[in-house]
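S.K.: Once you've looked at the hints, dock chain B against the given chain A.
Keeping their order, the protein sequence lines are chains A and B.
Here the first sequence is numbered in my numbering, starting from 853 and rising by one per residue.
Here the second sequence is numbered in my numbering, starting from 853 and rising by one per residue.
It should be emphasised that the hints constitute simulated quantities derived from the structure, not laboratory data.
Computed from a predicted structure; not experimentally measured.
Some hints here could point you the wrong way.
As the list claims (entries may be wrong) - Under the rule of at most 25 Å between Cα atoms (straight-line distance), these lysine to aspartate or glutamate pairs were calculated in the DMTMM-like manner:
(1) B:Lys1247 - A:Asp1285
(2) B:Lys1334 - A:Asp1176
(3) A:Lys1463 - A:Asp1396
(4) A:Lys1133 - B:Asp1270
(5) B:Lys882 - A:Glu1271
(6) B:Lys1283 - A:Asp1169
(7) A:Lys950 - B:Glu1328
(8) B:Lys950 - A:Asp1260
(9) A:Lys1247 - B:Asp1223
(10) B:Lys1237 - A:Asp1270
(11) B:Lys1237 - A:Asp1089
(12) B:Lys1155 - B:Glu1184
(13) B:Lys950 - A:Glu1271
(14) B:Lys1133 - A:Glu1271
(15) B:Lys1283 - A:Asp1177
(16) A:Lys1334 - B:Asp1177
(17) A:Lys1252 - B:Glu947
(18) A:Lys1247 - B:Glu1184
(19) A:Lys1247 - B:Asp1177
(20) A:Lys1440 - A:Glu1497
(21) B:Lys882 - A:Asp1270
(22) A:Lys1283 - B:Glu1184
(23) A:Lys1252 - B:Glu1328
(24) A:Lys950 - B:Asp1260
(25) B:Lys1237 - A:Asp1223
(26) A:Lys1155 - A:Asp1223
(27) A:Lys1283 - B:Asp1176
(28) A:Lys1247 - B:Asp1176
(29) A:Lys1237 - B:Asp1176
2 protein chains.
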Amino acid sequence: MNSETKLSHRERAKALVSQMTLAEKCAQMKYDAPAIPRLNVPEYNWWNEALHGVARSGAATVFPQAIGMAASFDTELMHSVAAAISDEMRAKYNEYRKFGGTRIYQGLTAWSPNINIFRDPRWGRGHETYGEDPYLTGSMGTAFITGMQGDDPDYYKTDATLKHYAVHSGPEDLRHGFDAEADDTDLYETYLWAFRYCIDHAHPAAVMGAYNRVNGEPSCASPRLLQEILYREFKFDGYVLSDCGAICDINRSHHVTANEAESAALAVNNGCILNCGDAYKWLVTAVTAGMISEETITAAVEKLFETRFRLGMFDEDCPYNAIDDQVVECREHLALSRKMAQEGIVLLKNDGILPLQPDMNIAVIGPNADDLSVLLGNYNGTPTKHTTILEGILKAATGKVRYSVGCDILNANPGRWDEHPLREAVIAAQKSDVILLCMGLNPHLEGEQADDFNGALSGDKSTLDLPASQLILINEILQLGKPVVFLNISGSCINLSRVHQECNAVLQVFYPGAEGGDAVADILFGKVSPSGRLPVTFYAADGDLPAFTDYAMKDRTYKYFRKEPLYPFAHGLSYTTFSYENLCFDGKSVSGLLRNTGSMDSGHVIPIFLKDPEDNTVNCRLAGYARLELKAGESARFHIPLCPEIVRRFSCPERLTALAGGVNGIPVPLSTRLPDAGTE
Amino acid sequence: MNSETKLSHRERAKALVSQMTLAEKCAQMKYDAPAIPRLNVPEYNWWNEALHGVARSGAATVFPQAIGMAASFDTELMHSVAAAISDEMRAKYNEYRKFGGTRIYQGLTAWSPNINIFRDPRWGRGHETYGEDPYLTGSMGTAFITGMQGDDPDYYKTDATLKHYAVHSGPEDLRHGFDAEADDTDLYETYLWAFRYCIDHAHPAAVMGAYNRVNGEPSCASPRLLQEILYREFKFDGYVLSDCGAICDINRSHHVTANEAESAALAVNNGCILNCGDAYKWLVTAVTAGMISEETITAAVEKLFETRFRLGMFDEDCPYNAIDDQVVECREHLALSRKMAQEGIVLLKNDGILPLQPDMNIAVIGPNADDLSVLLGNYNGTPTKHTTILEGILKAATGKVRYSVGCDILNANPGRWDEHPLREAVIAAQKSDVILLCMGLNPHLEGEQADDFNGALSGDKSTLDLPASQLILINEILQLGKPVVFLNISGSCINLSRVHQECNAVLQVFYPGAEGGDAVADILFGKVSPSGRLPVTFYAADGDLPAFTDYAMKDRTYKYFRKEPLYPFAHGLSYTTFSYENLCFDGKSVSGLLRNTGSMDSGHVIPIFLKDPEDNTVNCRLAGYARLELKAGESARFHIPLCPEIVRRFSCPERLTALAGGVNGIPVPLSTRLPDAGTE
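The shape of chain A in the complex, shown without the other chains (with noise of 0.2 Å):
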């Protein structure tokens, strides 16, 4: 491939498309794109899902979901993951491909990950993205995103995609026609910052535009954010895509054109050059039509081989044709999920009674301890093998455990002939030591338009309080006096004020994947330490936040909330302790001395705040963070390079001041005020 002599991607790319008639050339802007026997072009199918594995394709290594994984905030490891799953999408390509061309979730093109910022709790889909940060977001991102394109010099190992283009985040039964409103202060520093930051540091393949308008625009054929911002400004040279029904959207839903021909077109002008649905086989009537020409056809087509042919599926020499398909739920992959799932788990409370003893007898109750879909959330794959939390706490515990599934996960009120096991909970509960309550949620109860398992909103909380199924079941058990260790199973945040104030210790699991009940068995026994961090303040009451529909950014997150939070953004304990030393803040990096001074090895995530004491409409932003491994005593110096266009957005860097969040489980970000650089 490196020969001079061969031809480049592009090339072939234009020479191939050069052959195709224009109604060719528009069906191969579809999703669907069908085979060109006559051309050698086999048919191709570009949606494919890796959210947190290689999705809907059957078997595959299923790791915690997206808001779990961005928990760890261990870069390293999400580069890890990614390369993992991008090796599986690979060998399964490399099977599908020999039935002669490849149809849904077969192809190359994963359409992740979701980098859309985790802007309000009662999003449904929040728990498909990394939290609500941007630079955390970013970061993850970019590590996704590298793990998943691969490094060679001359292929992509598989595609990824940044989606959704853009200031996407609920409300899911509006999507299709929703305006989200957002000024160019909200823009920049939240919703666009991510994308931006992923293009210039990973070089993402695509962008997969929104559903909804922005300020009016629909976002996949928006002239600003595409042709201004994403192109010109961003200097994002991959490919757009669409939303799956987002263009047919545009005339029927946004009703900003006349009909499908006119939607397909503006898209199409305005760059989003290829369509999940069906709005482009009205491609060559809009170019009969005089509404678009024939060259913007061409130009999107060969960029779209030109994809093709960088991922390597025209040529026999691909180097990742080799990837056989052994490398699918290998011992090394499962290992990884496992370590993903450990660091993505966050402690929010103990009071000493973690870890446990396995000879302790456990009450382990609730309607997520034995569930499935609560380790593989949502946008996954099928796992061989899984391990709930319940089957985890069995191999783990020498101890007798009961199990009660204690209610219904949402209905508080069961027929009067069906099984009623709130006493058998509690009867579990007397008779143990201690009581694992296993709540929360499950992505039936939060997900995507059509996720409406929950009888309210289309996959959207209508409260951040637990069901009222739960919150009786929990009554009942508080009220017995007896240790009680909250496992809150959850994409998101959940008003756990009341689970604070009774419960010995609370841990915040989100959806942990395949290994998910063997990685909260290492946590609670104490094989490993809690290190993760939340991505997510956990506000304290409904009443706290906006209109879920106000897309400003004014009293949401913890940059711009105003009030107290149970639990604020990048909380989480651990069951050693730390210190730092000679911390030192040069206005560019942090760096320091990380001491364990426990008597446990332990991970530790230093986040670094910037804030400027005289700015009062942010409390402070991220601005960096390393993840440390220490065994007990151990200490390590460290040196954190501050993200330059976190630092370049504050009016005034000489009044910086940083803070490096919660150690020995001070919530952060307020624990360690560093000394101006010139203190020390």
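M.R.: Just chain B now, kept in the frame of chain A:
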């Protein structure tokens, strides 16, 4: 309790009931009997379930579904299973009663077993039964009941209930108003036979009436079924209760009475003294209106309280009070469940591919491979730990195991944006040495009215064929020409004609309980040799059957079916070979020697059929059976007493022939013709 001064249960009941008002008495005749605090009577809900483990009451050992236990032909093991179930039920009751009274699924009165005859394979609830043969049903039922009720001289451990009296066997969607017509031969030889047998041999505490009418009379209020046959002819001295809502059906659906008061009076006057449902709240009105006497009410309530006294509910010294909840899911019970599952799996075909070598590369394909619901059947408990078929294989195999769900269990037309796992299944198959197809139904697709996820009938099947989604998958896999083992997981006959022709081995797994995956792996890899036999005929096609609503037994079950079935009743192969020697039939019993002539230890069931060569109305009748366990090369004498009730029903016993069922894969019942008693 054996003190002569102590009052009998009956005397105590009379004394207690004598203090009750009419309204209090009538209220006690509903299943949800309220407390009477002034008489120290706690609330008691009569409804509990124990079909194959304590059901709907949280954690419990989940044994194989009833149809799978029947396939073991092992009454001794069945008795042990029932003793374990009643221990768990009692242990749970001992905890629940501490709340001051017990609610639904917390009591001691089990509404099990279901001894209806599995008349038609399309009936959704057939898997709750012991199959199509009255003697197998009666003997398995007897083993179950005696295990449930215990052997204390003063107390019943739990009550067992024969249901549904009588004739009940679908269609589910018509059950509330259906009139089942059966002539006296079918009534006595098929539908009522096992009821009488169990009453004679096991003294069940209770009988539950059916929803349907029988020959015009509502079962729960039938003068003929209850007064004439059950009480007078069968000399039943327990209590009769209604199916749930069945009394209101008498006026609302059967239109036999004008209102609920009349329905209630008719039922109680005919001996149905306990009501699941609400109709008996009209009993006070019925007494006032002269439809029923207070003496009848009083006698009924005395009977009900005699039952509660006999269960030890009012005694602190009842020995069963000491059963601790540590018995629930104890090691011994889990081992029993696994053993029952091993014995209940039926090897239908084997060309020698089984047992598998553990180091083979195996493709495990199908929607039932990793599904919990197919372990549990219906009327089930919640196992704390379970092993799916896939998990069992993963634990036992040492080679590479590739898994693909392959298809949806029902839907052959997934949406264009849904997952399409067919190609993945083909890839897994191509890369493996042997393919295990895990297909069949599940308890959502075949079940009770309201279990109508099959989208067609209310829990019943419209066809014996597998769903189209599975037929497509099977076709794709068979076309590969690779070795295939077919695991049919269902509670009923499926048309396996093509599967039998084209697969190398076929296993009927039924719904094998929480340990089912381990049991399947034990069989697949030869840790245990299969020894189960079919408790139902496997027909070859839908067209072989009479109309589902036709209750005449003509052309149904092995006794009356005149075409060639695919697999006959009692068919079942082994991994070893057996021979019968020195067979002797003396008119009342069969004796002989069984020799394990192969190279593997194995259980073997010897079913004995009687045939009158001159009677063409019945093919033959199962009249006895025994199960032996023989090591390779070992032999053992056996003596099987035949059921006198069966022998008696032949008009001319002296011309009877006995047939010993199937060795070495030769289908029963025609493998070995026994010499007449006199000829040896």
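S.K.: Hint by hint, work out which the structure violates, then give me just those numbers in ascending order.
M.R.: 1, 11, 12, 23, 26, 29
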